[in-house]
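*Asks:* Chain by chain, the residues run as shown.
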Amino acid sequence: MSTQPFLTPQSEIAGAIAVALNIYALSAGADFGGGVWDLFAIGPRRDRQRELIANAIAPIWEANHVWLILVVVLLFTAFPPAFSRLMTLLHIPLTLMLLGIVLRGSAFTFRSYDSQRDRVQRRWGRIFAIASILTPLLLGVILGAIATGKLSAARLSNPASFAEVYVQPWLAPFPIGVGALALVLFALLAAVYLTVEAKDAALREDFRRRALWAGTAVAVVAAMNLYLARAHAPLVWSELTEGSLAMGFRIGAAISALGAMASLWLRRFRWARVAAAIEVSLILWGWALGQYPYLVPPDLTVDNSAAPPATLRLLAIALVAGLALLLPSLRYLFKVFKEGY
Amino acid sequence: MSNLLAARSQMAVSLAFHIVFAEVGIAMPLMMVIAEWRWMRTREHVYLELAKRWAKGTAILFAVGAVSGTVLSFELGLLWPEFMRFAGSIIGMPFSLEGFAFFTEAIFLGVYLYGWEKISPRAHLAAGAVVALSGVASGIFVVIANAWMNAPAGFRLIGGQPVDVNPIAAMANPGAFSQTLHMTIAAYASTAIAVGGIHAFVLLRQRKSLDERLVRFHRGALAVALSIGIPAAILQPLSGDLSARFVARIQPVKFAAMEGQFSSERGAPLRIGGWPSEVERRTRFAIEIPRALSLLAYDDANALVRGLEEFPRNDWPPVPVVHVSFQLMVALGTTMAIVATWAGVVVLRHKSFELSPNDRPLLLGLSIIAPFGFLATEAGWFTTEVGRQPWIIFGVLRTKEAVTPMPGLIVPFVVVSLLYCGLGAVVVWLLWRQIVKTTGDRTQVDRISSATTSRP
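Those protein sequence lines, which keep their order, are chains A and B. The first sequence begins at 1 in the numbering used here and counts up one residue at a time. The second sequence begins at 342 in the numbering used here and counts up one residue at a time.
Among the hints, erroneous ones may be present.
[To be verified] Within a straight-line C-alpha distance of at most 25 Å, the following computed BS3-like cross-link-like pairs (lysine-lysine) qualify: (1) K549/B x K199/A; (2) K459/B x K338/A; (3) K338/A x K199/A; (4) K150/A x K338/A; (5) K741/B x K335/A.
Hints in this document: simulated from the structure, not taken from any laboratory.
Please take these sequences and the hints and turn them into a complete structure.
*Replies:* Structure, rendered in structure tokens:
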């Protein structure tokens, strides 16, 4: 970990970005996971599974989605050079992710409001589900590409082939591994949340089984990623193995993963929900702290890409004021539509 | 197609697509809330039906607006990374505030759409009001950022880089007031006139086949739409005048292009129509009203209007595009204002916003102008965006210096265009299939009600 003071205005905003990303993963991530289970809806209760997923997502997905917009605007306001670099070098996966975002949102809405149950409606369902897989996969690929430390300025300034600059940094084993991890984590979150939201026992068992499968898949993919990180993301790897704080996060993530599985096994669904959310958060923070103080390794840090102090100060004020407005509103939303919040 | 042109085209397509949904997202919630409020006051069932029907349409349009807005926030960096590197710290502020406004909007729209039977009627109405307010706030914050690109403020340039950044001064840029006012009124005018026009059309076309209940439904819808559309469409030319005066002072080269004014001139005429030739440096075929331009822009018939010749050739925007889109916007807006005034007279005579199905000429007029507001909005955006060229930040950073170095931008341009063409077609088809086509079918209305009040 770096020796500079931990809480500077820029590190606070960077922390806020990580928090927003964390909440996005826990809320919108589960919405995407719902799309995965929509695609894999099978068995005698197929239609009821889909109905449960749709009803769980419908009132909240748009609000959940805004956390991503918050991440983007905070990034370009507080760290313009980092934003500029990412948007240039990761143009292709970001554009693909946007396609996923657009298709997921519109197809879901078209399906919900297309009250004529026919072939057309099923087609929306299919697009919704496939886009729900594409988007987290690419989100993971993008985060993984950042962690590899290959998004350097030199890549742009030296004459190189198109593939070297715009494709190789993200179409590589480690970023794809992180994409797979994001996908299975979101699928796990969705299945676990749905065990709590299902009103009848058979449906709850359906999603309990799915959650157990997803939890197993998370363990496999996470192990694979650790192996890949050693070769492809040296910065994150060294922090994960040597940094004591990050080591704690790793152990914490493993314990909460076991906790989630055990709670599912024992049908303590609310406990499973808490444990799975902690698991996802610890994995995310392990990465974020492992990378700190770098925003875009190998050269852009929280300090050297920060906006002027006047901007950071105002942004911090806006964040506090905005959250003071936002949190009660969100609480109200979840109180109206979800139980146990 | 050059990379720069591809990037500009992709941005134009994305904005042109999003702006329609953004306008609807600003104005529709207000109309829903008015309808619901009238239902609570009068207990006339037709207004509840209306609120629910409009909520359903709003849900579809808002979702498409939300995702296409997300695309834009990324495209700022995907297409214009140098612009964002330069300007992020200066104008990130209004975008961040917009983020919170949009958050509030999304949360309470969720509450409104799915909470009919879960919260008290009063709380439900309040949720709708919050959606309407935060929608306006979102729009204002985004337009403030755009106004800054026309009238940059809140920093000093040293060695080509911004220093002494002051985000508050950037937000309070001289273009902010007139541009946000013009855009906000445009949202209300376009949406309300379009919705009103559709219902006027149904009343006109199906006058004989509609039963009494349906006539009530469409009259009620038209009344709510007119209560917003009439004042907005009448006020819009006034806010347009304010905007044009601002442009004349801050961006005289854009103003000259809008008016097809090539030479600097005292007592400049107002040109209606015409085609400006950049080669011949004159505007041909225009109807000229002597001295009117000087009078309109500076309140003085002999005031000096600076022509394009005063500016270096490579600082000119594409003059014909700017002139023609400006003329189109003014023509459409003026027509809307005239029909709205006519409707206003009829409303005053009836002492009610509810038109009678016998007001046939007016219903016909309203049907014809239904798409005018959205068309005028597009034309207006072309005027201001193309008119700012060749600058992305007026006088500070050129568009070609801001574009991403990534080659092959024609590919994302084509992909985004196809996606939006498809989405646009689907939205129109869905609204037709779900709303217009089923108008008045009792079972459909019930099904809509239950769809909007679906279970947790």
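*Asks:* With a cut-off of 25 Å on the C-alpha distance, tell me whether K459/B and K338/A pass.
*Replies:* 11 Å, holds
*Asks:* Given the hinted pair K549/B and K199/A, is their Cα-Cα distance within 25 Å?
*Replies:* Since the Cα atoms of K549/B and K199/A sit roughly 49 Å apart, the hinted pair is violated (cutoff 25 Å).
*Asks:* Given the hint that K338/A pairs with K199/A, does the C-alpha gap stay at or below 25 Å?
*Replies:* Answer holds: K338/A to K199/A is near 12 Å, not above 25 Å.
*Asks:* Do the alpha carbons of K741/B and K335/A lie within 25 Å of each other, as the hint requires?
*Replies:* Answer violated: K741/B to K335/A is near 50 Å, above 25 Å.
*Asks:* Regarding the pair K150/A and K338/A, is the alpha-carbon distance no greater than 25 Å?
*Replies:* 42 Å, violated
The structure fails to meet hints 1, 4, 5 from the earlier list, while all remaining hints are met.
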